[in-house]
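Engineer: Residues per chain are reported as follows:
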Amino acid sequence: MASLELLLIFTLISGVIAYLVGKVHPKTGSILTIIVSGIVFASLAYFGLNEQLLTKVSYLPYISFIQTPLAIFFGVLVSFVFFMVSFFNPYFIDKYTYKAVYSLLYLLSLAGIIGIFFTDNFMTLFFFFELVVWSSLFLIPLGRDEEVSVWYFGFSVFGSFALLSAILLMQSVTGTFDITTGLQAVSGFNRLSVFILLLIAAFAKLGAFPLHYWLPKVLTDSPDPVTSIFSGGLEKLGAFIAVLGLVKLVPTGFFIDVMDMYLTHYILAILGSLTIIGGTVMAIRQDDAKKLLAYSSMSNGGYIIVALSLGSSAGISGGLYHIIAHAIASTAAFLAIGAVARQTNTTKMSELGGMLHKMPITYMVYLIAIISMAGIPPMGGFISKWLIFQGVINKGLILVAAATFFGSIGSFLYVFRPLAALFLGQELPQFKETIKEAPIVMLIPMVILSLLNIVTGVYPTNILAYINTLLVDLNIVQLDITRWTIVGTNGTLNPALIAVMFALGVFIAFIIFISLKKSRKVELMDTYTAANFIYTEELLHYSVDFYAPIERLYEPYIHFMKKFYQALANKVREVGALVKYYIFTSKPEVATFFIMLVIAILLWGDLV
Amino acid sequence: MSEFLASLEFINYIEMVVSVLLVVLAIFTLTMKSLIKSVLFLSSLSMLSVVSFVLLKAPDVAITEAVIGSGLVTTLFVFTLLYVHQKERDVS
Amino acid sequence: MLLYASVLLIVIGLYGLLTNRNVIKIILSLNVLEIGLNIFIITVGFLDLEEAIAPIITLQQRASVIVVDPLPQALVLTAIVIGVGTTAIGLSLAKKMYDKYHTFNLDEMGEE
Amino acid sequence: MSIVLLIAVPLFFAFLGIILKKAAPYFLLLVSFFNVLALGFISQGAIVIGGYSSFYGIQLVLNSYSLIGLYVVNTLFFVIVAINCFKHKKLSPILLISLAGLNGLLLTNDLFNLFVFMEIAGISAYLITTTTKDPKSTFNYLVLGTIGSSFYLLGLIILYAMFGVLNIRILGNIIEGVVTNKAAVALPFLFIFIGLGVETKLLPFNSWVKGILGKSNALTGPLVGAVYASAFAFVFGNLLRYLFVFSESLLLIVSILLVATILIGEAMAYASTKVREILLFSSIAQAGVAVLVFALGYYTWGTILIALNGFSKLILYLVVNIAVDQVKSDELSALKGLFVNNKLIGAGFSVATLSILGLPIFAGFIVKMNILVAMANTPKFFFVGVILLASLIEGIYFIKLLINFWFEQDQAPRVKYSYVVIYVTLVIALLITVFGVYLEPLNSIHSTLNLVKGVVMHG
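In the order they appear, the protein sequences are chains D, F, Y and X.
If you read the first sequence in this note's numbering, its first letter stands for residue 1, the second for the next number, and so on.
If you read the second sequence in this note's numbering, its first letter stands for residue 1, the second for the next number, and so on.
If you read the third sequence in this note's numbering, its first letter stands for residue 1, the second for the next number, and so on.
If you read the fourth sequence in this note's numbering, its first letter stands for residue 1, the second for the next number, and so on.
No wet-lab data here; the hints were simulated from the structure.
Warning: the hint list may mix true and false statements.
To be verified - Chain F is faced by these chain Y residues, among others (derived, beta-carbon under 7 Å):
#1 Met1
#2 Ile24
#3 Val32
#4 Ile42
#5 Val44
#6 Leu71
#7 Val76
#8 Ile80
#9 Lys95
Stated by the list, open to error - Restricting the straight-line Cα-Cα distance to at most 30 Å, the calculated cross-link-like pairs of lysine-lysine (DSBU-like) are:
#10 Lys436(D) - Lys518(D)
#11 Lys87(F) - Lys90(X)
#12 Lys343(X) - Lys100(Y)
For glycine and all other residues, C-beta sits at the position ideal for the given N, C-alpha and C.
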């Protein structure tokens, strides 16, 4: 299906079909989501990458499509995430209260995604934006906590309304809803306002500081497949808006000569750095593996903001590459955690251990994903972080550079904790018998994602070449790449060479491992301390309170944004309660008094 | 006599008296402690408004007000108060 | 003169509504307000002329007669009837309230 | 067919129903159904009762605007009656009178006649709300309603004294043409604004709402919350369009009141934990939005907004009130999981809510976007901000409501909805969805309404 319109209609209709089928047989309905999202991804990827998508619209009114490299970039990526995650749907569908609706909303969100990326009209974009908001909204409460979706809705709609304000402002100034011409035509102070509003929308969607509050909550408490969708897919809508605002809309305002960037961009970079630091610091102290990854998602969103706000070719291509790398890695990681959660019904690190023996493939997937997330070669995350570091250092942004390095090192601290706690260590007695490796269908997307993690790390130049065509479209100098290397200002990167060296290292380690004496397996109880045997089945390893000394450093300060938002909500509630108490009595004299007051004000106003 | 009646000054004089009385009665209506007295003052206020309607050359309105406004409304009030009075006596 | 009196009556009625907690008193205030309003409406149509007469069609219609505006009077007729209806409903509600709370005082009925 | 029938037939059968008590509920059902049907055959235009010239006589006007109003009010009325008519048999004549009053409100082009219909509708509303067995709230409603209509009467009589006309459109034209100092007419307009504001639930004048809608039952909730609210909003829109002229200070006061109504209404709904209170406070805010849209001059989309809100509100009040009647509590915690056993009702309710929130593929989105775009192009960004902020708060508490209703397995209350209710809910929800996607109908309504700028003066 090469026509975007047909693809959209197809997704919508098959959503309804999946709902109807799901009413009869939920599992079949969820299998339909695999097929449909697969078709969507395949057609977007096949026709999109060859620029053969048809944008003609003949059935749907008021909607028009355009095929830009940016749209294809995001469309292929996000539909790929949807496709990969959909493999998990049949295995989780039994846990949901509303099984048929899940399939419907899943495909509705997918349809919204197509609409958002491929439209050339801001109003249509907003239409699909809101569609995605409410259809994804009802996916969240199928998980652990219902109230989370209210927070998600609040922040998301705040972002949407910022976007809408930007659109309305742009339209009232330029008279057009067209994305490209409209963004070019708006000028002066209005341009700055549109820019700020767009970035607020991007921050809200991406979950960046100070609009991050919803993201960890949602990623923790939604059902496991939905978490992956949010982290890998829907969060990237914010990145898309950020690209529109930061790259397509050349801002005005104060220009800092020394740093060769606009003040607004510098502020954004600082906010991005705060997001990185906040996410990292919070991730370190989590006990829940999902929550830990959630905060790491937040900090990676910060990297994207920092990268895009740099405005240089290294920065922007690094940002775009990071979008891919993080989407793949975090989807894989969340899916792996989801696979564990499905078998054990918990994601708490203090309650798990030794899963390596039962779920070796899941372990490998998770290992590769976290290596990528931590930015260690030879995975995709390394390439993007390398590019981002290049960009940051070239601009001479010391504070931002410090934050990005901190985030990178911090991620070493936290991503290996779930690895050790969940997979390594001793097997827990309660999981000994029942636990098996995840079903083969669930392993398919995880393995594919892992392979992609490696491919993006070893041979990035193909994707970077595509990003280069995208940079042309965005009027930015292309990145200097050859077939095997990336040429930066501070040196040349040869990912393949690094990968080979890593492979050699692993091989040598493996040789040593098998040539040395085998270690002995011990039971959990087979240990003693202080000359006593231990009889309680407690986990005595570093998955619990390992970083307690570090946590104590910042413990008092972590909740200030939470307090701020709750205070905000309370203020609204207080105003409402106050007025309710004073006006809405069952005594008529109050209203009489106000009527007199209003008349008096008018008379006074006319007299003055 | 008829000339005298028709003279503007006299009308003004009556008007003034009626106006002042209206206001005074209205204040009495709302300040009386006893409800039944208030109702009676309202009744007389209503009758006085009949006079004012006549002065304002609206005889048909005056008749209606006399019958409905003064008569019916007062009766309704009185009946309500009587009902309450009855109830109070039943209780005690 | 009556104009001012009527406006004063309206104000007194509003004052009564503002200060009274007694249901019967509130209905009385509404009545005062309505009487004031009615007189006000009539004065609006009133011509302060000696020769103006009431707008009643008589058998001997003179050609050059000046009639006070009949419309406000018609309006007041309707308004009086409506006022009685409101008062009646108000009083029946007062009765029900008394049955329920054994008082006419809104303060003593409690707020829920 | 003459438009007078819409008022006369209900009135006639009301009196017949007083005599033939047994037949009264059937009359009610038949007449309200007849009214809906009659709208299809009715001819547009103006009619003067009694054969006077339109300058003096009472003029009834039927144009596309009032036709939409009539359709909304009569359809909603019929639906409510169809669900409730055998539960409150004694009220049948009063309901018929209230239908006549509401139709009269929408049709009349005469300020005083409007007052009469306001009182007819009001008095029947007082009587209908006595079914909630809370005389105190009804009394409060009665007192405030009477004060409001007194002020309305005061305003109209001042206008009459100044211009000698009561015909709304003629009066509007005269004021537009003759009056140079707009401040001169500010006071009567404020009186009229207050009078209608009491009925339309604008902020400081609306304390009756809490007693009436906060303790409503399956009849009074939808009737007052959906039918009366739409009817009075239409009337307000009519006056704002044809009559009102704002002086600067009046406009300032009115905008402050409306903005306060919108924002504080949402805040109060946010602060509430009772479902009926949430609905009533949110409808206060929506009334504020509707009046604001009219006051700023976006008549056509304002009309569609009121119509749409009327239908959505019907579902909301109906569903919630039936549940409250059966559960005997309107605390949100008691109604948790309401939709777990009533999925169809839940689907309809969710569609109505999402449409009110202005989310896409539902008709509310189209209306809201058009209003906002019109505001941005005028440009009135302040009001855009107010509406967006209000929508944000509104969204949060409505979504909380929905989530609470859908997701609760343990103690889901068992509420039985009759098939009529389910059917009505689904049909309205379907229509909201269809109009949200298939834009032709809304656009054609928009363009017809745009054409009716001409003043119908000589019938």
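Engineer: So, for every hint listed, does it hold in this structure?
Structural biologist: Against the structure, the hints:
{"no.": "1", "hint": "Met1", "in the structure": "5 Å, holds"}
{"no.": "2", "hint": "Ile24", "in the structure": "5 Å, holds"}
{"no.": "3", "hint": "Val32", "in the structure": "5 Å, holds"}
{"no.": "4", "hint": "Ile42", "in the structure": "5 Å, holds"}
{"no.": "5", "hint": "Val44", "in the structure": "10 Å, violated"}
{"no.": "6", "hint": "Leu71", "in the structure": "11 Å, violated"}
{"no.": "7", "hint": "Val76", "in the structure": "5 Å, holds"}
{"no.": "8", "hint": "Ile80", "in the structure": "6 Å, holds"}
{"no.": "9", "hint": "Lys95", "in the structure": "6 Å, holds"}
{"no.": "10", "hint": "Lys436(D) - Lys518(D)", "in the structure": "25 Å, holds"}
{"no.": "11", "hint": "Lys87(F) - Lys90(X)", "in the structure": "26 Å, holds"}
{"no.": "12", "hint": "Lys343(X) - Lys100(Y)", "in the structure": "40 Å, violated"}
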